[in-house]
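Participant: Residue numbers (our numbering), protein chains in the order written: chain E, 1 to 173; chain Z, 174 to 409.
None of these hints come from the bench; they were simulated from the model. For clarity, every value in this text was computed on a predicted model and none was experimentally measured. Treat each hint with caution, since some may be false.
What follows is a list of derived Cβ distance ranges for each label pair [stated by the list, open to error]: (1) H61(E) - P349(Z): 43 to 53 Å; (2) K17(E) - S314(Z): 19 to 29 Å; (3) R347(Z) - D42(E): 43 to 53 Å; (4) D236(Z) - R59(E): 43 to 53 Å; (5) A121(E) - D236(Z): 44 to 54 Å; (6) R59(E) - L257(Z): 29 to 39 Å; (7) K28(E) - P235(Z): 54 to 64 Å.
Heads up, simulated DSSO-like pairs for lysine-lysine below, C-alpha to C-alpha not over 27 Å straight-line [claimed, not checked]: (8) K28(E) - K11(E); (9) K52(E) - K209(Z); (10) K28(E) - K366(Z); (11) K275(Z) - K209(Z); (12) K11(E) - K366(Z); (13) K304(Z) - K209(Z); (14) K62(E) - K38(E); (15) K45(E) - K17(E); (16) K262(Z) - K275(Z).
Far from chain Z, by Cβ distances over 12 Å, these chain E residues were calculated [what the hints assert, rightly or not]: (17) I34; (18) R37; (19) W163.
Each residue gets a CB set at the ideal place from its N, CA and C atoms; glycine is no exception.
Chain residues, written in single-letter form:
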Amino acid sequence: MEIICPKCGQKVILDEKGRGFCIKCGMKIYACTICIRKGRKDYEKFVFYSPKALAGHMRVHKPSVTMLSASLASLEKAAKNLGIEAEQLLSNARMLSDCLASEEMSAEQLLSTLLLLNVSATLALAKELRKFRFEGARTPVKLSSYSEISDANLPSFVRRNPWLKVLSKRSPI
Amino acid sequence: MVKGIIEKKPDLSVLSAGWIPPSLVCREGKVETTRKLIREGTLAVIGPSGVGKTTLARMAFPDAIIVDCTLRRRAQSIARYIALSIGIKARRFGDALNAIRKAEARLVVLDDFTLAFRNREMRLLLRALEKHLVVFIAHPSIRYELLEYSILEMPPYSAAELYRILEARAASGRLPVEEEALWEIARLVGWPKGPGSARLALYVLRLCLERTVSEVSASLVARLARKELFHVLNFP
Numbered sequence: 001m002e003i004i005c006p007k008c009g010q011k012v013i014l015d016e017k018g019r020g021f022c023i024k025c026g027m028k029i030y031a032c033t034i035c036i037r038k039g040r041k042d043y044e045k046f047v048f049y050s051p052k053a054l055a056g057h058m059r060v061h062k063p064s065v066t067m068l069s070a071s072l073a074s075l076e077k078a079a080k081n082l083g084i085e086a087e088q089l090l091s092n093a094r095m096l097s098d099c100l101a102s103e104e105m106s107a108e109q110l111l112s113t114l115l116l117l118n119v120s121a122t123l124a125l126a127k128e129l130r131k132f133r134f135e136g137a138r139t140p141v142k143l144s145s146y147s148e149i150s151d152a153n154l155p156s157f158v159r160r161n162p163w164l165k166v167l168s169k170r171s172p173i
Numbered sequence: 174m175v176k177g178i179i180e181k182k183p184d185l186s187v188l189s190a191g192w193i194p195p196s197l198v199c200r201e202g203k204v205e206t207t208r209k210l211i212r213e214g215t216l217a218v219i220g221p222s223g224v225g226k227t228t229l230a231r232m233a234f235p236d237a238i239i240v241d242c243t244l245r246r247r248a249q250s251i252a253r254y255i256a257l258s259i260g261i262k263a264r265r266f267g268d269a270l271n272a273i274r275k276a277e278a279r280l281v282v283l284d285d286f287t288l289a290f291r292n293r294e295m296r297l298l299l300r301a302l303e304k305h306l307v308v309f310i311a312h313p314s315i316r317y318e319l320l321e322y323s324i325l326e327m328p329p330y331s332a333a334e335l336y337r338i339l340e341a342r343a344a345s346g347r348l349p350v351e352e353e354a355l356w357e358i359a360r361l362v363g364w365p366k367g368p369g370s371a372r373l374a375l376y377v378l379r380l381c382l383e384r385t386v387s388e389v390s391a392s393l394v395a396r397l398a399r400k401e402l403f404h405v406l407n408f409p
């Protein structure tokens with residue numbers, strides 16, 4: 001792995017753990033191997049001069065962020081399958097997860113985006129839920145009365161079950 | 174009492190980055206020049222790595238707020254640190270800027286400013302720092318960004334200057350190193366043959382001392398110095 005020292009512009013060869021030594025600066029270098037593998041060239045953002053600084057940067061690669069991205073992807077897929085018009089919202093959420101990972105955002109920006117996303121997500125969810133409820137109310141599933149069901153049509157383990165009579169009288173949920 | 178040879182390892186703390194020498198060897202006059210220049214306003218100390226820029230700032234302004242931009246690169250982080258040094262704990266960037274604006278004039282040293290993210294937020298922070306005295310410590314690669322301020326140049330060290338620095342350190346730590354060995358390192362690292370970095374020269378000397386056991390002869394140190402330096406430089 002080869003990088004350029006962000007301080008002096010000297011080429012530095014790194015070991016497999018992302019450690020190197022800049023001969024011009026006379027300083028040890030600690031680079032983020034994940035960012036190098038991604039092919040990033042903005043070295044000043046992921047090349048550091050102390051392990052402490054690198055540890056601070058590694059927070060952006062925390063598994064929670066990855067998990068968030070993965071769950072968003074699955075949600076997006078589900079939304080597509082159901083035909084819900086929330087794809088835009090989910091892609092926005094995906095962008096947000098990337099922003100969370102990049103540290104570029106200021107705290108204020110992040111908070112306002114989160115707030116906006118929360119409001120829009122709640123609205124979209126409420127809309128979807130209402131539609132689903134109405135549809136559910138319009139087409140109630142009604143069970144036949146016990147008298148109409150003949151034991152011959154039922155599987156052996158349900159035949160002559162006294163609870164069937166009770167359940168058939170109940171209204172659908 | 175146990176009889177035998179007890180070998181005591183030399184104290185290498187004098188070669189570490191945190192150790193501040195009693196005087197800036199070969200550049201004693203620069204301390205006074207820096208103090209004079211800061212009276213005129215914001216100052217930029219420019220020079221390649223390892224030429225004593227940070228040491229100079231630490232010597233000239235011992236009471237200054239020194240921000241290490243290798244660790245704090247974002248304007249938000251720098252602002253919060255300055256506010257905290259003033260005595261105000263500000264979580265938000267805006268609050269930190271307000272605290273800096275309202276505080277009494279202080280001297281702020283932005284060490285390794287080359288590595289700081291010089292974006293819109295940084296411009297806001299620099300505007301908030303207008304009331305204060307600021308010293309930028311930077312690499313020559315960003316000189317054009319600092320042309321509006323007074324500039325103090327720190328050139329790379331020659332072999333003779335490096336020898337004097339190494340000699341002073343060896344004397345301070347009573348290091349078991351011979352004169353010839355120090356000359357060997359100074360010649361290899363000194364400008365124009367090498368980068369002229371005192372930090373690199375001290376690093377090589379430290380490596381040599383760590384790798385020797387007890388008696389340090391000049392030839393042994395010189396040989397190790399060359400070997401280590403060639404390894405560091407990725408020489409074949």
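Participant: Which of the numbered hints above does this structure break?
Facilitator: Hints 4, 6, 7, 9 are the ones this structure does not satisfy, whereas the remaining hints hold.
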